[in-house]
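Peer 1: Here the protein sequences come in this chain order: P and Y. Numbering (the working numbering) for the first sequence: 1 to 417. Numbering (the working numbering) for the second sequence: 1 to 205.
These aren't lab readings, by the way, just hints derived from the structure by calculation. Accuracy of the hints is not assured; some may be wrong.
So the derived list for chain P, only partly shown, Cβ under 7 Å to chain Y, looks like this [said to hold, decoys possible]: (1) H44; (2) R45; (3) P55; (4) E142; (5) A237; (6) R322; (7) K326; (8) Y351; (9) G369; (10) K377.
Straight-line distance between alpha carbons at most 25 Å, and here's what the computed PhoX-like set of lysine-lysine pairs gives [unchecked claim]: (11) K147/Y <-> K54/P; (12) K43/Y <-> K256/P; (13) K49/P <-> K147/Y; (14) K147/Y <-> K257/P; (15) K43/Y <-> K257/P; (16) K256/P <-> K147/Y.
Ideal placement from N, C-alpha and C gives every residue a C-beta, glycine not left out.
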Amino acid sequence: MQEIKNYTINFGPQHPAAHGVLRLVLEMDGEVIQRADPHIGLLHRATEKLAESKPYNQSIGYMDRLDYVSMMCNEHAYVRAIEKLLGVEAPIRAQYIRTMFDEITRILNHLMWIGSNALDLGAMAVFLYAFREREELMDCYEAVSGARMHATYYRPGGVYRDLPEKMPQYRESRWHKGRDLTRMNAWREGSLLDFLDAFTKDFPTKVDEYETLLTDNRIWKQRTVGIGVVPPEQALAWGMTGPMLRGSGVEWDLRKKQPYAAYDAMEFDIPVGVTGDCYDRYLVRVEEMRQSNRIVQQCVRWLRENPGEVMLRNYKVSPPSREEMKDDMEALIHHFKLFTEGYCVPEGETYCAVEAPKGEFGCYLISDGANKPFRVKLRAPSFVHLSSMDSIIRGHMLPDAVAMIGTYDVVFGEVDR
Amino acid sequence: MTPRLQKLHDALVQAGFRPTERLGELTIEVPAAEYLASAKKLKDFGFEQLTDLCGVDYAAYGDRPREGMRFATVVHLLSLSQNGRVRLRAFCADDQFPVLPSIVELWPSANWYEREAFDLYGIMFEGHPDLRRILTDYGFVGHPFRKDFPLIGNVEVRYDEKLGRVIYEPVTSVEPRVLVPRTIRHDSRYDQAQAEAASNDPAQK
Numbered sequence: 001m002q003e004i005k006n007y008t009i010n011f012g013p014q015h016p017a018a019h020g021v022l023r024l025v026l027e028m029d030g031e032v033i034q035r036a037d038p039h040i041g042l043l044h045r046a047t048e049k050l051a052e053s054k055p056y057n058q059s060i061g062y063m064d065r066l067d068y069v070s071m072m073c074n075e076h077a078y079v080r081a082i083e084k085l086l087g088v089e090a091p092i093r094a095q096y097i098r099t100m101f102d103e104i105t106r107i108l109n110h111l112m113w114i115g116s117n118a119l120d121l122g123a124m125a126v127f128l129y130a131f132r133e134r135e136e137l138m139d140c141y142e143a144v145s146g147a148r149m150h151a152t153y154y155r156p157g158g159v160y161r162d163l164p165e166k167m168p169q170y171r172e173s174r175w176h177k178g179r180d181l182t183r184m185n186a187w188r189e190g191s192l193l194d195f196l197d198a199f200t201k202d203f204p205t206k207v208d209e210y211e212t213l214l215t216d217n218r219i220w221k222q223r224t225v226g227i228g229v230v231p232p233e234q235a236l237a238w239g240m241t242g243p244m245l246r247g248s249g250v251e252w253d254l255r256k257k258q259p260y261a262a263y264d265a266m267e268f269d270i271p272v273g274v275t276g277d278c279y280d281r282y283l284v285r286v287e288e289m290r291q292s293n294r295i296v297q298q299c300v301r302w303l304r305e306n307p308g309e310v311m312l313r314n315y316k317v318s319p320p321s322r323e324e325m326k327d328d329m330e331a332l333i334h335h336f337k338l339f340t341e342g343y344c345v346p347e348g349e350t351y352c353a354v355e356a357p358k359g360e361f362g363c364y365l366i367s368d369g370a371n372k373p374f375r376v377k378l379r380a381p382s383f384v385h386l387s388s389m390d391s392i393i394r395g396h397m398l399p400d401a402v403a404m405i406g407t408y409d410v411v412f413g414e415v416d417r
Numbered sequence: 001m002t003p004r005l006q007k008l009h010d011a012l013v014q015a016g017f018r019p020t021e022r023l024g025e026l027t028i029e030v031p032a033a034e035y036l037a038s039a040k041k042l043k044d045f046g047f048e049q050l051t052d053l054c055g056v057d058y059a060a061y062g063d064r065p066r067e068g069m070r071f072a073t074v075v076h077l078l079s080l081s082q083n084g085r086v087r088l089r090a091f092c093a094d095d096q097f098p099v100l101p102s103i104v105e106l107w108p109s110a111n112w113y114e115r116e117a118f119d120l121y122g123i124m125f126e127g128h129p130d131l132r133r134i135l136t137d138y139g140f141v142g143h144p145f146r147k148d149f150p151l152i153g154n155v156e157v158r159y160d161e162k163l164g165r166v167i168y169e170p171v172t173s174v175e176p177r178v179l180v181p182r183t184i185r186h187d188s189r190y191d192q193a194q195a196e197a198a199s200n201d202p203a204q205k
């Protein structure tokens, strides 16, 4: 009789569906996966150790580079942890700006996810549509911070600066001119808030477009319905959060349950799935985009009516303005101390979590009273989700591994940290 | 304390724990010998999720000489039903060979976290099914997040043309440097706030 043995294959780290640098060692029986062993750490940069070696504020930029498709949410967790230890709170306008940008980030992340996941499963077009809207939102990032991705916009005590009065416009070039240019600049005549207002009015129709491509798509359903089913008990045991947990029917969202920033003033719904398969998680994420859109609209409305400070006027934490520095000795000293030494955070420890697009992103911060953190531990949702890979993927076919990696929404910046 | 936190605090006291509250967070500190039993009890108490587990190296903490042990494991637990969190900390009994029992049996999500704590801090988890390195390179030597491990590392890699492969060498391309020195300032505002909080705390009286 012929002897049939399992064989082992490498999936990644140079595989387009591995979402970066995942090396998955798969033990196969024919086309059925018997065991999956994810090898991670290929993008390990020791962010947490680096953070221990520099003043608090200098690590904000590192947070963007963790989950590099939901940048500001990561900053939010870190900044909140510092604020909690310092015992300061950002002004209310800053809280609303943070809420708004957290939701913009969520849309950005889900657009990236829907595009790349569809691409992995063979639907090319969604990616192109999703990136059209991503571009608009990236421009919002750029308008407030000057950077399209790694914004470093949040600071302990508020946000770096107020929303711009004028949205940057496209300039005429060989490629964009005449009617084309007018169309592209149509939303950009006013402020950032006007732009967002126009965007959010239009965005639900865009989500409808993605849905026409996928929701009733026969191939999409064949690839996702009943694949990677995570029962709620298992989702809890594996520490799943965010859409992974909600897809399994557990109604848990930190924005509702442990509200932070301005979320308790927001009206939105939490979508949950029923069966906990890839398709349900897809539906949950699509609905989350619509809900995020709602929250952005509410924030825009509030921010229009309520001008004010966006940064704490506490010069032990936030720098004084240039004008003040010029004629106030105290302000000059504060400025100098802040930028040469930073601020000392009182001894203590805290765990602050935000509902990042992928799940709970937490920052555990220990301070020993110095101007640098003693220990920073970042709780990344992707890391936890990926650790359940082996138990969920067993018995699935090889192409389902791709669907599963896609539905986990893993980003290796935060898995490897 | 908010009413929700107070309720959780009282329930934990009822269950035989001694939680301390600071900044609206509850911390339970247990000796290494009771770590596993406490974790089990907390799971039965209603903490369904293990949010986070990490190692901490308390060498070089603060500006006083260290009193306790060096390595600790900090676990963050979340109860969805009671909407509360708790922190469980256990110091390893031996600085030279830090060991703690594994809690993978209780929460499978601890699996990778314990591997990470082992990789970065060298804490051994007894009973872990597969305690391998997770984040560092294949064949890495040392535990990089320990406070005595240099930030620039010990080895660097380059491609050697003669040998035709990647080789490891002692670090020469960068020098250790400190751009902003670490300073601890005893801010009277925080000291005062702490003293006031302590005098207002009925447990202290």
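Peer 1: Which hint numbers does the structure go against, in order from smallest to largest?
Peer 2: When the structure is compared with the hints, numbers 2, 4, 6, 7, 14, 16 turn out to be violated.
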